[in-house]
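Visitor: Okay, here's what each chain looks like letter by letter:
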Amino acid sequence: MNRKSMVWSLTSLFTLVAILLSACGSAATATQAPATQAPATQPPAATEAPATQAPAGTEAPATQAPATGGIDCMGAQQGDEISMLYQWSGTEEDNLNKILAPLVEACGIVLKPESSRDQALLDTRVKAGTPPDIAFYNIAQLVQYQDKLKDMNDLGINADNYLDSWKQIGTVNGKWVGLPVKTDTKTIIWYSPANFQSAGYEVPKTWDDLNALVEKMVADGKVPWSMGFESGDATGWTGTDWIQDILLVTKGPDYVNGIMDGSIPYNDAAVKEAYQTYGKWATDPKYTVGGAQGTVSTAFLDAIYKPFADPPEAMMVKQSGFAAGAIAAQFPDLKYGTDYAFFMMPGAQGIQIGADWMMAFSDKPAVKALVAYLSSDAGGKKWAEVGFDLTPNKAGTDSYTDPAAKDKAKLLGDAAAVLADLGDKIPGGFGSAEFKAISDYINGGDLDKDLSDVAAAQAQALGK
Amino acid sequence: MTTQNIPKIMKQGSWVPWLYLLPALIVMSFFIVYPMINTISLSFGNKDGTAPASTTCVEGKPCWGIFEDYRYALTAELNFSSAGALWDSFWKSSFGNNLKWIILMTAGTVGIGLAYAVLADRVKYEALAKAILFMPMAISFVGAGIIWKFVYDYGTKQVQIGLLNSIITSFGGKPVSWLSTPGLNTLMLILVGVWIWTGFCMTILSAALKSVPEDILEAARVDGATEWSTFWKVTVPIIMPTILVVITTMVINVLKLFDIVYVMTGGNFSTNVIANRMYTEMYKNFNVGRGTAIAVVLVLAIIPFIYFNIRRFLEQEAIR
Amino acid sequence: MNRDQINKFFSRIPTHVIVIVTMIIWIVPTLGLLITSLRPVQAINTTGWWTAFSTPPGAAAYQQYCSTCHGTDGKKLPNADLTNPAVVSQVGRSTQLLAVLQKPIDDQPHTGNTSLPTPQEAATIAVYLRGLAGGATAARFTLSNYVDALVGYRGRSSYASDCSSHTQALDLQCNISDVLNPRGMGRAFINSLLVTIPATILPILFAAFAGYAFAWLDFKGRFLLFAVLVGLQVVPLQMTLVPISRIYAQLGLNGTFLGVWLFHTGFGLPYAIYLMRNFLGSLPSDLFEAAYIDGASHWTVFRSLVIPLAMPAIASLGIFQFLWVWNDLLVALVFLGGTTPVMTYQISNMVTSLGAGWQLLTAAAFLSMVLPMVVFFSLQRYFVRGMLAGAVKG
Numbered sequence: 001m002n003r004k005s006m007v008w009s010l011t012s013l014f015t016l017v018a019i020l021l022s023a024c025g026s027a028a029t030a031t032q033a034p035a036t037q038a039p040a041t042q043p044p045a046a047t048e049a050p051a052t053q054a055p056a057g058t059e060a061p062a063t064q065a066p067a068t069g070g071i072d073c074m075g076a077q078q079g080d081e082i083s084m085l086y087q088w089s090g091t092e093e094d095n096l097n098k099i100l101a102p103l104v105e106a107c108g109i110v111l112k113p114e115s116s117r118d119q120a121l122l123d124t125r126v127k128a129g130t131p132p133d134i135a136f137y138n139i140a141q142l143v144q145y146q147d148k149l150k151d152m153n154d155l156g157i158n159a160d161n162y163l164d165s166w167k168q169i170g171t172v173n174g175k176w177v178g179l180p181v182k183t184d185t186k187t188i189i190w191y192s193p194a195n196f197q198s199a200g201y202e203v204p205k206t207w208d209d210l211n212a213l214v215e216k217m218v219a220d221g222k223v224p225w226s227m228g229f230e231s232g233d234a235t236g237w238t239g240t241d242w243i244q245d246i247l248l249v250t251k252g253p254d255y256v257n258g259i260m261d262g263s264i265p266y267n268d269a270a271v272k273e274a275y276q277t278y279g280k281w282a283t284d285p286k287y288t289v290g291g292a293q294g295t296v297s298t299a300f301l302d303a304i305y306k307p308f309a310d311p312p313e314a315m316m317v318k319q320s321g322f323a324a325g326a327i328a329a330q331f332p333d334l335k336y337g338t339d340y341a342f343f344m345m346p347g348a349q350g351i352q353i354g355a356d357w358m359m360a361f362s363d364k365p366a367v368k369a370l371v372a373y374l375s376s377d378a379g380g381k382k383w384a385e386v387g388f389d390l391t392p393n394k395a396g397t398d399s400y401t402d403p404a405a406k407d408k409a410k411l412l413g414d415a416a417a418v419l420a421d422l423g424d425k426i427p428g429g430f431g432s433a434e435f436k437a438i439s440d441y442i443n444g445g446d447l448d449k450d451l452s453d454v455a456a457a458q459a460q461a462l463g464k
Numbered sequence: 001m002t003t004q005n006i007p008k009i010m011k012q013g014s015w016v017p018w019l020y021l022l023p024a025l026i027v028m029s030f031f032i033v034y035p036m037i038n039t040i041s042l043s044f045g046n047k048d049g050t051a052p053a054s055t056t057c058v059e060g061k062p063c064w065g066i067f068e069d070y071r072y073a074l075t076a077e078l079n080f081s082s083a084g085a086l087w088d089s090f091w092k093s094s095f096g097n098n099l100k101w102i103i104l105m106t107a108g109t110v111g112i113g114l115a116y117a118v119l120a121d122r123v124k125y126e127a128l129a130k131a132i133l134f135m136p137m138a139i140s141f142v143g144a145g146i147i148w149k150f151v152y153d154y155g156t157k158q159v160q161i162g163l164l165n166s167i168i169t170s171f172g173g174k175p176v177s178w179l180s181t182p183g184l185n186t187l188m189l190i191l192v193g194v195w196i197w198t199g200f201c202m203t204i205l206s207a208a209l210k211s212v213p214e215d216i217l218e219a220a221r222v223d224g225a226t227e228w229s230t231f232w233k234v235t236v237p238i239i240m241p242t243i244l245v246v247i248t249t250m251v252i253n254v255l256k257l258f259d260i261v262y263v264m265t266g267g268n269f270s271t272n273v274i275a276n277r278m279y280t281e282m283y284k285n286f287n288v289g290r291g292t293a294i295a296v297v298l299v300l301a302i303i304p305f306i307y308f309n310i311r312r313f314l315e316q317e318a319i320r
Numbered sequence: 001m002n003r004d005q006i007n008k009f010f011s012r013i014p015t016h017v018i019v020i021v022t023m024i025i026w027i028v029p030t031l032g033l034l035i036t037s038l039r040p041v042q043a044i045n046t047t048g049w050w051t052a053f054s055t056p057p058g059a060a061a062y063q064q065y066c067s068t069c070h071g072t073d074g075k076k077l078p079n080a081d082l083t084n085p086a087v088v089s090q091v092g093r094s095t096q097l098l099a100v101l102q103k104p105i106d107d108q109p110h111t112g113n114t115s116l117p118t119p120q121e122a123a124t125i126a127v128y129l130r131g132l133a134g135g136a137t138a139a140r141f142t143l144s145n146y147v148d149a150l151v152g153y154r155g156r157s158s159y160a161s162d163c164s165s166h167t168q169a170l171d172l173q174c175n176i177s178d179v180l181n182p183r184g185m186g187r188a189f190i191n192s193l194l195v196t197i198p199a200t201i202l203p204i205l206f207a208a209f210a211g212y213a214f215a216w217l218d219f220k221g222r223f224l225l226f227a228v229l230v231g232l233q234v235v236p237l238q239m240t241l242v243p244i245s246r247i248y249a250q251l252g253l254n255g256t257f258l259g260v261w262l263f264h265t266g267f268g269l270p271y272a273i274y275l276m277r278n279f280l281g282s283l284p285s286d287l288f289e290a291a292y293i294d295g296a297s298h299w300t301v302f303r304s305l306v307i308p309l310a311m312p313a314i315a316s317l318g319i320f321q322f323l324w325v326w327n328d329l330l331v332a333l334v335f336l337g338g339t340t341p342v343m344t345y346q347i348s349n350m351v352t353s354l355g356a357g358w359q360l361l362t363a364a365a366f367l368s369m370v371l372p373m374v375v376f377f378s379l380q381r382y383f384v385r386g387m388l389a390g391a392v393k394g
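Sequence order for the protein chains is A, B and C. First residue of the first sequence? That's 1 in the numbering used here, and the numbers climb one at a time after it. First residue of the second sequence? That's 1 in the numbering used here, and the numbers climb one at a time after it. First residue of the third sequence? That's 1 in the numbering used here, and the numbers climb one at a time after it.
These aren't lab readings, by the way, just hints derived from the structure by calculation. Be aware that a few hints might be false.
[Unchecked claim] Here are the simulated distance ranges between beta carbons:
1) C:63 with A:339: 27 to 33 angstroms
2) A:219 with B:90: 43 to 49 angstroms
3) C:176 with A:117: 28 to 34 angstroms
4) A:104 with C:303: 52 to 58 angstroms
5) B:84 with C:15: 44 to 50 angstroms
6) C:225 with B:84: 42 to 48 angstroms
7) B:157 with C:173: 46 to 52 angstroms
8) C:106 with B:157: 34 to 40 angstroms
9) B:184 with A:104: 51 to 57 angstroms
10) C:303 with B:319: 23 to 29 angstroms
11) A:262 with B:90: 30 to 36 angstroms
12) B:187 with C:303: 46 to 52 angstroms
13) A:462 with C:160: 48 to 54 angstroms
14) B:182 with C:55: 38 to 44 angstroms
Glycine is no exception: its CB is placed at the ideal position from the N, C-alpha and C atoms.
Make the full structure from the sequences, and use the hints.
Guide: Below you can see the structure in the form of structure tokens.
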């Protein structure tokens, strides 16, 4: 009995100590400081007013002496905290820290980041009234939380550094709520120049050239395409990217914009044709590694490796710019330019992009400093230098150090039109309906039914 | 229930029981009952709780008024054009899948768990044997997802990292796409579930087996009963309450199960389950009304099992 | 050995066979993960884990096609010395190697009477040749996944290579203290312990009391309450996040350990009470009658009779509650926040949003599994037979 009572007493003691520790601990780590507490730590409103009403150039005189490198701290004090929430982790988070390092050094801001790909986290925080100060997410979140987000114009943003098309995409119901901070081009095809050269292939310049090249590869006994849908609950996203790119070739950006605003229903004839064109390649083992089963069950990362393996299993893979990093990680001996490179999808009248959007739930000075920094010349240059994909900030155009990034940036800069991904732009259940439709169709489902399901989701989402 | 046979121990005054219950009741009311009431009230609203669900009705389509979200939850996946279509769509829907999961996974985990607990009890390396069955529970699902990727991967002629397809191709067969073939894929996912959860059933049933009094078993053996009939006629009746508890718990776990489907197929290719639908509606489609309606349907699905439990509870008390 | 012993031995064999076969089936998938965690990522993506122990195919293909002329060490032909990097660099890929092999030497086919290797074989031979010439070949096994997982490595290659080339991240010092860095496992392990231990003890405590009440105390509404209890187990976690978060924000419990403990307790109680009630209810009532007649108070009965007898149930509950809280990510993230990381959070942060770096998860899964297995083994001693034997008679 003595041993038992000792065990119980020890555990109660431990529990008590732990409770006390947590009480002290919580005082020290005020992680969820709700936005409402922010005013208490601000200097009187009078000193902030000039900063927010400054003209578009952020070089307006700040109340504090500009810190090193011309970074404007917008009234933020040493030790001000910003709570951030984003989906990035691993190397991505590392890159973000490198990019924000000058800001942290100059203004003494303390960053309190959290990273999660579980959508439940941001949603719970916002609904519970304790949103993070800054979130880096997708357009869907911009639309969903538009009432709680602050207008970028009130946050000291340097709007000159961004093309109008970016501002348009980031504007919801007249309020500019989303600043695009990171972007990646999707309408590109990766291939191995070494393999092309030894087989005598040339990079196609038109859509018909591409078709002819594909047929030639098949005739030579090679498999032209590598495709992979599998990615857990987002299975099918590579397929929907393909469909949108084919539409950019066959119908152009205005048509795709029509789908985005709902004036063109998803089960329109041109979309059906695009699916059939894609299906012809994706379901046939002669054209795609593994045929329909291969397309549907291969993980998207594994599909990227196939054209660059030795011997190559395929000749080309259509994938966003991040593929460069994936190839480098799997094949450390290969060099960009000679062993792997990309060309834009021939005939595409615009570029489809994916982007990460910064949105602000609070307007305290530290947040303003962050927004101002990222949209400034210094921020744009730093982003490009670190090489965290591409930056829409025009100031970064010439600062890329990675050769692949340089080429991608050039492509983006020369693009006739820049479009967001349909699934990112249209809110609600459209995105997952689109993924389901392409996966089902390639797996042998009924195309008309799949398309009408997506059209229904589109109508519901856009309130038509 | 007969009032004459209540043992004295049970009569301890009318407020003493509440003393024992109060801490648990307070905590549970706060953390589960209150949110559940909140959930139910949201399930009668529209996608962000600002208006009643009847406002989301669409002209020309069926509408259940305030129960509109429930209409979506119950019928969205079904095809009512004919009896045959209804039957097919039911089995491809999340309800059909959950039914398969409940029947197969519960039978598998409880059956294997019980058999294994009994057999492991008789070998000297019992601790090791039980640990190996328990290990999948200790590996969080992050690890389990990767483990099964290496079993089910489709691969190509050149790159084959999936164990099953590697075995098949080495015998000259064609690789099977385990996770995208409708019908087969749900079974494969259930296999993963059984692999993970059998350790759970085994541990609890093992605890129950250990508390079967040794003298009763000895008496049966001395009377000449074989191991097999001792097991069925003596052991099983004694641990039946625990078996029922394990079955009920497994059914509840299966209903809430979401990880396996979410990570491995995302609910595609007819593998969707109710919990995954709830997650999609809440956090992808941002439709709170429908998400909460699905959650309520989930809770209501447990009612038949509550009935069995209460009946068992009463039977047990009657024989005291 | 007499007949009885022989009979007993043979009758045991089916049991052993079944148990061992089941053990093998169950452990093979996990074994795959273990072996994978010890392989470099390039190998993980290209060959199955069961090939990790067999000789690389390049060696066999080299023997078949090249060794007769070039010798097993590649040095046999002095004007085609395969250990010379300059020679080998010209046949780095299968296409280059095949091109060379297709050219005749002195009007004779390069490979003589044997046919040319297939492209795949050529690729493996090229890799093998690179090894012959002293080039770096990928190691078969490596501990870098474990090391990277322990320090929460976020770079592009590996912790070991970064440290040796002095290009490590700014907050890493390349010594043992890196385990305690903010993204490493050290601090997260302690945080996980701080979350898990009270969140295991509290529910067991409350459930023991409540289970006893449901099993052995008579009060109005016990059946209804029990029915509700069973139903409460089904309530999905996601439904509780927003209402509780809101209240926590008002009470100031967001971001505190106490908040997480209470949540786990509340959420774990229905199942815990359900299990305890069942176990306690199956104890023979004569036991209690005897004690009661002896004049023991209810509290004494509870403390000295019920709890010791319920140890197997308490042990099972302890194992599983510990496991669920230890492996939980969402609750810790929502109520404790990412700035007080637990192990599951650090692990989920090792991969990028696109899944790059997933090989670290293989090692991290095992690191995270150690403590739950220790708990399992240490609680096994409560699963002993015969606790009730003699209790009634005594």
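Visitor: Each hint needs a verdict: does it hold in this structure or not?
Guide: Hint check:
1. Between residue 63 (chain C) and residue 339 (chain A) the beta carbon distance is about 29 angstroms. The supplied range of 27 to 33 angstroms therefore holds.
2. A beta carbon spacing of about 47 angstroms between residue 219 (chain A) and residue 90 (chain B) agrees with the range 43 to 49 angstroms that was offered as a hint.
3. In this structure, residue 176 (chain C) and residue 117 (chain A) meet the distance hint of 28 to 34 angstroms, their C-beta atoms being roughly 31 angstroms apart.
4. Between residue 104 (chain A) and residue 303 (chain C) the C-beta distance comes to about 56 angstroms, which sits within the given range of 52 to 58 angstroms.
5. Evaluation of the 44 to 50 angstroms hint for residue 84 (chain B) and residue 15 (chain C) yields a pass: the beta carbon distance comes to about 48 angstroms.
6. For the pair residue 225 (chain C) and residue 84 (chain B), the beta carbons lie near 45 angstroms from each other, so the given range of 42 to 48 angstroms is met.
7. For residue 157 (chain B) and residue 173 (chain C), the Cβ-Cβ distance of about 47 angstroms falls inside the hinted range of 46 to 52 angstroms, so the restraint holds.
8. Between residue 106 (chain C) and residue 157 (chain B) the CB atoms are about 36 angstroms apart, so this pair conforms to the stated range of 34 to 40 angstroms.
9. The hinted window of 51 to 57 angstroms between residue 184 (chain B) and residue 104 (chain A) holds, with their beta carbons roughly 53 angstroms apart.
10. Taking 23 to 29 angstroms as the suggested C-beta distance range, the pair residue 303 (chain C) and residue 319 (chain B) conforms, at roughly 27 angstroms.
11. The hinted range of 30 to 36 angstroms is satisfied by residue 262 (chain A) and residue 90 (chain B), whose Cβ atoms lie roughly 32 angstroms apart.
12. In this structure the supplied range 46 to 52 angstroms holds for residue 187 (chain B) paired with residue 303 (chain C), their Cβ-Cβ distance being about 49 angstroms.
13. At roughly 52 angstroms, the beta carbons of residue 462 (chain A) and residue 160 (chain C) sit within the given window of 48 to 54 angstroms.
14. Residue 182 (chain B) and residue 55 (chain C) have their C-beta atoms about 41 angstroms apart, which keeps the hinted 38 to 44 angstroms range intact.
Of the numbered hints given earlier, the model fails none.
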